[in-house]
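Number of protein chains: 2
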Amino acid sequence: MTKLKNDTCLRALLRQPTEYTPVWVMRQAGRYLPEYNQTRERAGDFMSLCKNPDLATEVTLQPLARFPLDAAILFSDILTIPDAMGMGLYFSAGEGPKFERPLHNEWEIRDLIVPDPNVHLRYVMDAVSQIRKALNNEVPLIGFAGSPFTLACYMVEGGSSQDFAKIKTMLYQRPELLHHILDVNARAVTAYLNAQIEAGAQIVMIYDSWGGALSHAAYHEFSLPYMEQIVSGLIRERDGATIPSIVFTKGGGLWLESIAAIGCDSIGLDWTIDIGQARARVGDKVSLQGNLDPAVLFSNPEVVRAEVGKVLASYGKGSGHVFNLGHGISQFTPPDNAAAMVAAVHELSKPYHS
Amino acid sequence: MTKLKNDTCLRALLRQPTEYTPVWVMRQAGRYLPEYNQTRERAGDFMSLCKNPDLATEVTLQPLARFPLDAAILFSDILTIPDAMGMGLYFSAGEGPKFERPLHNEWEIRDLIVPDPNVHLRYVMDAVSQIRKALNNEVPLIGFAGSPFTLACYMVEGGSSQDFAKIKTMLYQRPELLHHILDVNARAVTAYLNAQIEAGAQIVMIYDSWGGALSHAAYHEFSLPYMEQIVSGLIRERDGATIPSIVFTKGGGLWLESIAAIGCDSIGLDWTIDIGQARARVGDKVSLQGNLDPAVLFSNPEVVRAEVGKVLASYGKGSGHVFNLGHGISQFTPPDNAAAMVAAVHELSKPYHS
Numbered sequence: 461m462t463k464l465k466n467d468t469c470l471r472a473l474l475r476q477p478t479e480y481t482p483v484w485v486m487r488q489a490g491r492y493l494p495e496y497n498q499t500r501e502r503a504g505d506f507m508s509l510c511k512n513p514d515l516a517t518e519v520t521l522q523p524l525a526r527f528p529l530d531a532a533i534l535f536s537d538i539l540t541i542p543d544a545m546g547m548g549l550y551f552s553a554g555e556g557p558k559f560e561r562p563l564h565n566e567w568e569i570r571d572l573i574v575p576d577p578n579v580h581l582r583y584v585m586d587a588v589s590q591i592r593k594a595l596n597n598e599v600p601l602i603g604f605a606g607s608p609f610t611l612a613c614y615m616v617e618g619g620s621s622q623d624f625a626k627i628k629t630m631l632y633q634r635p636e637l638l639h640h641i642l643d644v645n646a647r648a649v650t651a652y653l654n655a656q657i658e659a660g661a662q663i664v665m666i667y668d669s670w671g672g673a674l675s676h677a678a679y680h681e682f683s684l685p686y687m688e689q690i691v692s693g694l695i696r697e698r699d700g701a702t703i704p705s706i707v708f709t710k711g712g713g714l715w716l717e718s719i720a721a722i723g724c725d726s727i728g729l730d731w732t733i734d735i736g737q738a739r740a741r742v743g744d745k746v747s748l749q750g751n752l753d754p755a756v757l758f759s760n761p762e763v764v765r766a767e768v769g770k771v772l773a774s775y776g777k778g779s780g781h782v783f784n785l786g787h788g789i790s791q792f793t794p795p796d797n798a799a800a801m802v803a804a805v806h807e808l809s810k811p812y813h814s
Numbered sequence: 461m462t463k464l465k466n467d468t469c470l471r472a473l474l475r476q477p478t479e480y481t482p483v484w485v486m487r488q489a490g491r492y493l494p495e496y497n498q499t500r501e502r503a504g505d506f507m508s509l510c511k512n513p514d515l516a517t518e519v520t521l522q523p524l525a526r527f528p529l530d531a532a533i534l535f536s537d538i539l540t541i542p543d544a545m546g547m548g549l550y551f552s553a554g555e556g557p558k559f560e561r562p563l564h565n566e567w568e569i570r571d572l573i574v575p576d577p578n579v580h581l582r583y584v585m586d587a588v589s590q591i592r593k594a595l596n597n598e599v600p601l602i603g604f605a606g607s608p609f610t611l612a613c614y615m616v617e618g619g620s621s622q623d624f625a626k627i628k629t630m631l632y633q634r635p636e637l638l639h640h641i642l643d644v645n646a647r648a649v650t651a652y653l654n655a656q657i658e659a660g661a662q663i664v665m666i667y668d669s670w671g672g673a674l675s676h677a678a679y680h681e682f683s684l685p686y687m688e689q690i691v692s693g694l695i696r697e698r699d700g701a702t703i704p705s706i707v708f709t710k711g712g713g714l715w716l717e718s719i720a721a722i723g724c725d726s727i728g729l730d731w732t733i734d735i736g737q738a739r740a741r742v743g744d745k746v747s748l749q750g751n752l753d754p755a756v757l758f759s760n761p762e763v764v765r766a767e768v769g770k771v772l773a774s775y776g777k778g779s780g781h782v783f784n785l786g787h788g789i790s791q792f793t794p795p796d797n798a799a800a801m802v803a804a805v806h807e808l809s810k811p812y813h814s
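First to last, the protein sequences are chains A and B.
Numbering-wise (the numbering used here), the first sequence opens with residue 461 and increments by one.
Numbering-wise (the numbering used here), the second sequence opens with residue 461 and increments by one.
One chain only, chain A, in its complex shape (with noise of 0.2 angstroms):
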């Protein structure tokens, strides 16, 4: 394998020094992007998008052409596992995905298998293998899954939800069913995971989009064990280079110190959390990736780089940061204000790491 032309994503996640902050942006490729509206009505619907690896390697280049990002990411969903293990994944408009049939009960979740990522999430691996090839070893190419508690809130609640009244009523009342579904969710994750880096994902990401909804011992019962199950088993090297792992629970901030405890390389921040206190908390331990609130890019170009200023000198001197937002850009960002936010991430952190 050629060498990466631009590592500096890689080496701040596994705290190297690098010449400047690198930056991505959570769903970099996505409904902000005109271009990407384009593709996406050509798809007919975001699964078809998804599983179709020429179109999904067109949608996760694209904002690679504007903007001089650091590193791309895979274009898919967490939900493949559970659709993949014959859930039945649909988005309905304006409600997000739900599932045809959801886990209703004990033979359902004692049924559950893991899928295998090569059979049944064929076309994830397919789209990796093609975007790596498009990438022609510019930025390293970023994999990633949900959670294990994630998926199953998703699985168990059917769909999306705002009070997590049917998993939390498992979680309490019958723990042993929760955690028999969370532990094929956990080898479920490390064999997709461990499929995208054999296809030719360079890095991996984790998303706990929902662990922030437990309480302190519950995540630390139900949520943390499965990502660390997880981090654990994943292939650490592949031609030569080693394939960093980031951590990111939204709302866990509180946590930083056990999340950093499971062996990742690296904590994804939302905004909630100052980056400094957030540094000084984790010290060498892991990298820190985030944390700009993604609302900042409501507002205009000025705003965006006087923002991004307060986030790096939060952080301050050294490597081990990679910029981000603190959750997913939203479908509403002006394009011009996302620029502004790469552009400034590039020039005004090469002070911090001279």
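Keep in mind that the hints were calculated from the coordinates and are not lab data.
Just so you know, nobody snuck in bad clues.
No distinction is drawn between identical chains; accordingly, a pair holds when it is met within one copy or between any pair of copies.
Each computed EDC-like pair below joins lysine to aspartate or glutamate, with the alpha-carbon atoms no more than 20 angstroms apart: (1) Lys745 with Glu717; (2) Lys770 with Glu681; (3) Lys626 with Asp796; (4) Lys626 with Glu566; (5) Lys626 with Glu762.
With chain A fixed as given, assemble chain B onto it according to the hints.
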């Protein structure tokens, strides 16, 4: 004024010794109680219930007739203030609160006035006096208001919001406009809470439901200082008794040290933080209120008892803890589980106070 027969909650809020840990429940008069639903049906809709002091008194007392709670809380809504400002509050089924005339432009913002609570919110003061009389000094009455930032969210967004796009755009692009709204709100809330105290409220609580949606820096600029302004303007003593103040920022677990420094007597905790760790962080500056996951009440009395025991054990020995849920009780809660929680708090907490 006669002395309170049960002043355990008052003493705990002020970190004075008590014989057991007092307990009340956020939204304790609510839809999980069949008798509440009957009264509400008679009233017509939610705001008619709030605006009728007889009926507001009736529902305020209902949970106390069922459970040996250590405090009553005024039945009302945080949005009475913007309603009194002329914004036209209404509730549309399934969509939560909305305003007929949200703040659209600069002159509407500049024209905002502080409503006179004894005129424009007379119905609230009437309810407070009437409830206080009906309580017959059994337990203290809690008055409350929304935080200036939380009120501003509804006033600018026009209703509930997922991403707070409008108010955050204002925050980043026109911060001085938002500061103006917040200053008006802070003055309105101060006058409102003081009028509640004059009418008979013995404890006051500020609900900062959406402060947790802000970045660390924005919280410290746009939410916390305005709660500090309120707290420092509150009547401190009435009829020889201190009026304790409670500040509750949902999702504010990262900011406890700053909240403890604004002069409030107590901090409300949501369920995501371990209350023992919270106590270690705030020391003897404030008491703590919380913080059982409301979803625990979806389980059964045995589990409820065990989970109550864990919260009490985490807080540990000594006073300064008022037991509560970490958020409002869900409408889907079986009342028997609420009863089990109250009983468990009273019974299991005694050893921690010996």
